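Trainee: Could you put the whole structure together from the sequences, leaning on the hints where they help?
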Amino acid sequence: MIPAQFDYAAAESVAHALDLMASLGDEAKLLAGGHSLLPMMKLRLVAPTALIDLGQLTELAGLSTDGDELVIGAMTRHADLAASELARSEAPLLAHAAAQVGDPQIRHRGTIGGSLAHADPAADLPMALLALGGSVQAQGPGGTRRIAADDFFAGFFETSLAPDELLTAVRVPRRPDAAWGYQKFVRRANDWAIVGVAAADGRIALANMGSVPLRASAAEQALADGASAAGAAALAADGTEPAEDMHADGEFRRHLARVLTRRALEHRS
Amino acid sequence: MMRVELTVNGQRRSDDVEPRLLLVHYLRETCGLRAANVGCDTTSCGACTVLFNGSSVKSCTMLTVQAAGGEVTTAEGLAPDGELHPVQRAFRQEHGLQCGFCTPGMVMATVGLLAENPEPTEQQVREGLEGNLCRCTGYHNIVRAVLAAAGEQAAAGSATTAGSAAGERAGQ
Chain A
3 MIPAQFDYAA
13 AESVAHALDL
23 MASLGDEAKL
33 LAGGHSLLPM
43 MKLRLVAPTA
53 LIDLGQLTEL
63 AGLSTDGDEL
73 VIGAMTRHAD
83 LAASELARSE
93 APLLAHAAAQ
103 VGDPQIRHRG
113 TIGGSLAHAD
123 PAADLPMALL
133 ALGGSVQAQG
143 PGGTRRIAAD
153 DFFAGFFETS
163 LAPDELLTAV
173 RVPRRPDAAW
183 GYQKFVRRAN
193 DWAIVGVAAA
203 DGRIALANMG
213 SVPLRASAAE
223 QALADGASAA
233 GAAALAADGT
243 EPAEDMHADG
253 EFRRHLARVL
263 TRRALEHRS
Chain B
5 MMRVELTVNG
15 QRRSDDVEPR
25 LLLVHYLRET
35 CGLRAANVGC
45 DTTSCGACTV
55 LFNGSSVKSC
65 TMLTVQAAGG
75 EVTTAEGLAP
85 DGELHPVQRA
95 FRQEHGLQCG
105 FCTPGMVMAT
115 VGLLAENPEP
125 TEQQVREGLE
135 GNLCRCTGYH
145 NIVRAVLAAA
155 GEQAAAGSAT
165 TAGSAAGERA
175 GQ
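Protein chains in written order, with the numbering used here: chain A, 3 to 271; chain B, 5 to 176.
Certain hints may be false.
If the Cβ cut is set under 10 Å, some of the chain B residues that face chain A in the computed set are [what the hints assert, rightly or not]:
| hint | residue |
| --- | --- |
| 1 | Arg24 |
| 2 | Leu67 |
| 3 | Leu101 |
Non-contacting residues of chain B with respect to chain A, defined by C-beta distances greater than 10 Å in every case (computed) [as the list claims (entries may be wrong)]:
| hint | residue |
| --- | --- |
| 4 | Gln15 |
| 5 | Lys62 |
| 6 | Cys103 |
| 7 | Gly132 |
| 8 | Gly135 |
| 9 | Thr141 |
Coverage of chain B stretches by chain A, computed from C-beta distances (three or more under 8 Å per stretch; other residues unrestricted) [what the hints assert, rightly or not]:
| hint | region |
| --- | --- |
| 10 | 33-39 |
| 11 | 145-157 |
Everything labelled a hint here was simulated from the structure, so no lab data went into it. What you are looking at is a predicted structure, and each value in this text was computed from that prediction instead of being measured. For every residue, glycine included, the Cβ atom is placed at its ideal position computed from N, Cα and C.
Mentor: Pasting the structure below:
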């Protein structure tokens, strides 16, 4: 399968990328690792008129700390995030989530910024960011702003990034000692979650239980009120309306959310 | 068309390509290197696996222009002077193939895996080859071959015999 024709430009800096976005218009797409976008282009689900390749922006790759936050450059590949000692010690849930994406080849190319901006509700990193209460940094012609994970996922494959904004970095709180759990139910190797649950520090995020990654608010409230893991997990699917597909109907997904939340709250991964 | 410069199996190349030309098609049709197969064409099966700057990638899901300035190694590049690479030898000795379609991808994924983790456990081998499907379902001998290759490389006292690109990565 071959994508439709497009113009190609390699960005040489963040400023250059923003210029290219302005000049190439709304039908251009940013290319990070390409492991969501290129398959969609091959299937002709999308046909951008131009690609702006961020692959040379090494300044957007890598991890650092800033006060009580871990900062991950948007072009950091999943494999590098999963292997990072800094991530494994300061935000172990995030490093673990990166190690669950796809398979080794996919993790060598895919990036955290690309995955978050793609906003697949079944994906690992959006759920992880939400569970950690992290945020993303966006840069546009007017400057830089920060968007909390709770406000970032706006709809099915949709974020609150403006069309002229570039996601440059991801921030999560440094919590080396916080207990966490991560559960992903799949039927095949390297697949997306049929349902996923990430839990850390009293926050619970669900993957593929709606059009965006969701907080299990009722279960979180129960935990805050002193409920047991099992007691809180029983409420994990409250208020959700998961999609039905060939993998699972809605009732099965709600069942999975409850079971996986209990396991995640028992700090299993 | 765009001019792209990259290194394929140690040779510098400069070619005019369409931006939409996938790396696997570039390797097969422009370079005439047919080891990397187009299997599923959907980033699932791994038959198109090659090394890019020492890491395993699925060449059906990379544009050739994304490889500009980089170094690509295909199965052809593992045995440039005709002597089999230790991983190739192990696949042969352990009968790690049946129809052979997945084999170049399995071999390249293995070279990448052993560069990152020279002494994997059986479980790590199975997880490390998660991105490669064998349509004959001949997985047991493939895993055996990977473990044998790891053992041979360890015995040879170096995990950096895995081709120049993989060797560089192992040294990082």
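Trainee: Now tell me if each hint is right for this structure.
Mentor: Now the hints, each set against the structure:
no.: 1; hint: Arg24; in the structure: holds (5 Å)
no.: 2; hint: Leu67; in the structure: holds (7 Å)
no.: 3; hint: Leu101; in the structure: violated (19 Å)
no.: 4; hint: Gln15; in the structure: holds (22 Å)
no.: 5; hint: Lys62; in the structure: violated (5 Å)
no.: 6; hint: Cys103; in the structure: holds (20 Å)
no.: 7; hint: Gly132; in the structure: violated (6 Å)
no.: 8; hint: Gly135; in the structure: violated (3 Å)
no.: 9; hint: Thr141; in the structure: holds (13 Å)
no.: 10; hint: 33-39; in the structure: violated (count 0)
no.: 11; hint: 145-157; in the structure: violated (count 0)
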